[in-house]
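So you can see what is in the structure, the chains are spelled out below.
Number of protein chains: 4
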Amino acid sequence: MYSLMNDYSEGAHPRILQAMLDTNLEQTAGYGQDPFCQEAADLLRARIGRSEVDIHFIPGGTQTNMIAISAFLRPHEAAVSAVTGHIELHEAGAIEATGHKVVTAPGKEGKLRPEDVQAVVDFHLDEHMVKPRLVYISNATELGSIYTKQELSALSRFCREHNLLLYMDGARLGSALTAPGNDLTLADLADLTDAFYVGGTKNGALIGEALVICSDQLKEDFRFHIKQKGALLAKGRLLGLQFRELFRDDLFFQLADHANRLAAKIQEALRALGCRFLLDSPTNQIFPVFPNWLIAELQKDYAFLIWQKVDADHSVVRLVTSWATPEEVAERFVARCAELLRNH
Amino acid sequence: MYSLMNDYSEGAHPRILQAMLDTNLEQTAGYGQDPFCQEAADLLRARIGRSEVDIHFIPGGTQTNMIAISAFLRPHEAAVSAVTGHIELHEAGAIEATGHKVVTAPGKEGKLRPEDVQAVVDFHLDEHMVKPRLVYISNATELGSIYTKQELSALSRFCREHNLLLYMDGARLGSALTAPGNDLTLADLADLTDAFYVGGTKNGALIGEALVICSDQLKEDFRFHIKQKGALLAKGRLLGLQFRELFRDDLFFQLADHANRLAAKIQEALRALGCRFLLDSPTNQIFPVFPNWLIAELQKDYAFLIWQKVDADHSVVRLVTSWATPEEVAERFVARCAELLRNH
Amino acid sequence: MYSLMNDYSEGAHPRILQAMLDTNLEQTAGYGQDPFCQEAADLLRARIGRSEVDIHFIPGGTQTNMIAISAFLRPHEAAVSAVTGHIELHEAGAIEATGHKVVTAPGKEGKLRPEDVQAVVDFHLDEHMVKPRLVYISNATELGSIYTKQELSALSRFCREHNLLLYMDGARLGSALTAPGNDLTLADLADLTDAFYVGGTKNGALIGEALVICSDQLKEDFRFHIKQKGALLAKGRLLGLQFRELFRDDLFFQLADHANRLAAKIQEALRALGCRFLLDSPTNQIFPVFPNWLIAELQKDYAFLIWQKVDADHSVVRLVTSWATPEEVAERFVARCAELLRNH
Amino acid sequence: MYSLMNDYSEGAHPRILQAMLDTNLEQTAGYGQDPFCQEAADLLRARIGRSEVDIHFIPGGTQTNMIAISAFLRPHEAAVSAVTGHIELHEAGAIEATGHKVVTAPGKEGKLRPEDVQAVVDFHLDEHMVKPRLVYISNATELGSIYTKQELSALSRFCREHNLLLYMDGARLGSALTAPGNDLTLADLADLTDAFYVGGTKNGALIGEALVICSDQLKEDFRFHIKQKGALLAKGRLLGLQFRELFRDDLFFQLADHANRLAAKIQEALRALGCRFLLDSPTNQIFPVFPNWLIAELQKDYAFLIWQKVDADHSVVRLVTSWATPEEVAERFVARCAELLRNH
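Protein chains in written order, with the numbering used here: chain D, 1 to 344; chain X, 1 to 344; chain S, 1 to 344; chain B, 1 to 344.
I should point out that these hints are in silico values taken from the structure, not numbers from a laboratory.
Be aware that a few hints might be false.
If you only want the chain S side, here are some residues facing chain B, beta carbon under 10 Å, derived [claimed, not checked]: (1) Y2; (2) Q228; (3) K235; (4) A272; (5) G274; (6) R276; (7) A296; (8) Q299; (9) D301; (10) E328.
Here are some of the chain S residues that sit facing chain D, going by a computed Cβ distance under 8 Å [unchecked claim]: (11) P75; (12) H76; (13) G93; (14) G99; (15) K101; (16) M129; (17) V130; (18) G181; (19) N182; (20) T185; (21) A187.
Just so it is clear, CB atoms sit at the ideal spot from N, CA and C, and this is done for glycine as well.
Chain D extracted, bound-state conformation (with noise of 0.2 Å):
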């Protein structure tokens, strides 16, 4: 049994453990004040090229946006989301419970346009209702798209005129900015975005992700505020020794580019077997329509997730590669769906 169920079914990138190990024994200071913090965030910043960034590294991505969100609105302030958002779908109300309403608008293929939040701009009115100040987007989104260069500009142009915060979910990012047809590098979403956060959990890492606040007017005080949500960590050297491994060299992409390379396999293969998508995924979640017999004949060997159904006869399953996932299991994997399909 393998499973394409997700990018976090193993532990960390060998040199991440290989760094705990070298280090153990070194005393340092506690909550983030170490020196590996201080060293990873010195080489995210000279990667994103703006120095005056501020970065804090925290475990977990709904923690990230949960502290960033209420740390960013006053209280009457909403988040605007698209529907398939993952503040919206899949952080059990995390948002919410720090008193902040998420408003949603359609998107499209997971992205939200500049017309998406005008039309919620537009709903509201007045302080019988919340409002909106904040956009949230994904990227790459929960539906394995991505932003251009041109859409995010658009979109980072559409928030600046009216007054909105941007702000990018990056659980997924490394896959994002290595995917075929990416045109955005870090520093873009410095200038385009008010802060976005780069995912390390889902990338190599065993926790961690590092939230980067690119708008002098959110910085103050944000220490207090991962404090008071539980996030800073004693041990907090465990996030910035991660993230200087990822970060002292390429190995942050070049693990997102290898599991980009193996999605777009199995992508290319099952479309050469006549296999449908829910949308074209240019990254590490890729969403054939399968056939319900095909994927009772699959699961026998793979574990992954059924997304949606279709109709009676069909389903969409979301496949998951990551930087652990072995070239042969995807060589495997599409071998198994041509010869299931070929002896149907």
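Assemble the complex: chain D is given as a structure, and chains X, S and B must be docked to it using the hints.
Relative to chain D, chains X, S and B alone:
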């Protein structure tokens, strides 16, 4: 420079790192539903001797407190804490951020007694005030002291008679249970409290606390609360793996015992040198009263916390030993104190 | 200029003011523990025919919703509302500000049916999502429609089978219960819901809603929640006095009936003039589709809300009558419409 | 039986009821956007002598405190209150329910001095603790004492030097400003505080407090916060109308002065009888120390609060006069005390 600042200055106990290496590429389910968490929970339940308790692994201590307390209380209910309690002083208002007041009682040497809680209960008369509902205690306390079985039994009885929940913060529970004078067992805690946690971070783990929910009424839907507060790690295996290692034999207790023993060694040596203490602590945090000149001299080689001012010339300092503190550090430290005092 | 904007444009029914004058200098206990509140609650309980329900008087509707819902739910639980629900659209995120997500279902004409709620329940699978726990409905709805006994019974049965609480917003309950076609009684509401409120503000009172808690499990400590949310008026007598006056005879129902009757009169007359409606409303809010030129003409003499655009030339408007609307206003309004349409 | 329990035992001053009668059927806009609120705000601004302050009418005091404080603070920021402060003791955790800790200082006779706040500021060192940001004071205090201009100026200066907001709870502001020894004006309050409120409920109104926001930075979007906390009354006219009546001449001050005068009369008479007091209060709450037998005798004819125990035989009681207390009640009360003491 050696740090006696706290018990989380290093990484993890080597056996924990080894377990991570050994299992790194095994694929597991996410979010704490992996076999390591299952196994760790079983080991811990066996150790507690109560098969019916629920066990959840949560990354940090503040997080565990805020998740448990906000899950256990209704909006108008308050937690009662000693004035020295961690939730009152050192969690950046995390409990209040979930909507609950922390009501304080003076307590004694960091501990709450029935009479402390009685006074709080008596003071809260009606719906114009919050309703005290949960008694928060720490063992070991923030001052290093521990609860005896008699003390905890009396408090537990009081709580049950007054419809109060009793919750124990066990960030340093290992130290408490291995301290000289301790007569409590994990089984006692399960009998006497409604919930408690077994601290990993301060006893050899990288991150991780094991929350033990003893009362059936508090168990329902608890994973929702963990998720909503951002504490359901995608790679929850990291928590399970560590607790499996700590509890598959006596490692957890050995590490705590080591820390206690070194603290006692320092405490006894300092006492022999005529040193007074803020209180008599049997655990790994000790609080000697030092003349300020001695503090200044020691700070050249050792990092530690200045706890409070005593008079113009003296201060209380906090010295913390850990599973990682070498025997010779303790010896060198007391030798240096002796030398400095002798030559003054 | 006459306003058909809403049903709270005037002060209070004269009998209420008279009761205030008559009792003004009587000294009473504060915070709703006065004899007027007691008497009003007894009258209301008698009218409901259920001696065991708890009744609390609360100044406003948004306040009542937020106090009740936050008191009834645990942190991870969500309220289910029609997309047109007041808590979803017109309470500025009040429910979310207490920490709870509002999950929506499309509903039909402002009403929720078992199948709407079933879809929400089916969609929420595990602890990565909120747990739907309370079904919020309004009667009359925000679109003026009402629940029949059959509809409410079906929804109630569904809720009980699925461990969901059923809560009814009764801001315009008077209108609902006196509407043509209504077959529900206050006693039915007590049987079929877990809690509901009887709206005073929109039916002749200055302020005040009477929350009726039917389920025993929801009653405990409720006054704490009222106080904590700032709704326990020092001069709570003001609330009790008004409800005493409304329920010491049939005044409450007479006022609602008056409003309904005038709305029906306008609706029938407009229909006779060929006017279409957004929906067929039997209560005091009606939603005709008007050509924009007619709207512009009418606005010279009447204030009302433009509800939504239909096409380039037509819009839905909302006309609201109240206990205070004079018969001749309704007559003049339809005459004016007839005249304008005739001369166009 | 006459109640000296509080200053909200009766309805409203007759002129207020008359104004309600006179305007009852005038149609106005809802939610505080009516001409009465406008006029009342203008009158109050003129009285304050600061045209640029924002004024909002809010039904109750706890509500005003919780809306203002939660609107003014970011999540990690705390309010500083005297231990006797209303937000600390008598609001059922309303501030904490909005997510903010209330940090206390002992204060003196219910008042905070710069040194009290300095100690709080000094104690809060870093992000492991909340950040004190708003200083909450009451005038008159919960003990009846008042701030002099010198005291308030010193506190205001301290707050500005330390980037702290200064907020004054004016539930009994009328009593404070008309008390013997008072040298503060409404204009001073606008100069020295960031926001304060003018209490109506305890000075002749049915409900209603007028929040005055002086600092520009605190003004934005404030109506959203009122709405979100359920305090935007549909018939907001009820609030405006009452404040119009209280401030269209000196009624507000006359009512407070009456209450103060009667309290002073009782206080002086009791002092002449040898009675001691908890403190010397110049306002409408006084705190004599009575022997318990006297309390028991008086309770046959008068209702009042037993404030605290002094010793086995004595207790402090609280006597409160109001705009509605007849002169002869005060006379009869002291005569009865004199008689009882004489005959003992």
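So, going through the hints one by one against the coordinates:
no., hint, result
1, Y2, "holds (7 Å)"
2, Q228, "holds (4 Å)"
3, K235, "holds (5 Å)"
4, A272, "violated (27 Å)"
5, G274, "violated (30 Å)"
6, R276, "violated (28 Å)"
7, A296, "violated (21 Å)"
8, Q299, "violated (15 Å)"
9, D301, "violated (13 Å)"
10, E328, "violated (14 Å)"
11, P75, "holds (6 Å)"
12, H76, "holds (6 Å)"
13, G93, "holds (4 Å)"
14, G99, "holds (5 Å)"
15, K101, "holds (4 Å)"
16, M129, "holds (6 Å)"
17, V130, "holds (4 Å)"
18, G181, "violated (30 Å)"
19, N182, "violated (28 Å)"
20, T185, "violated (32 Å)"
21, A187, "violated (33 Å)"
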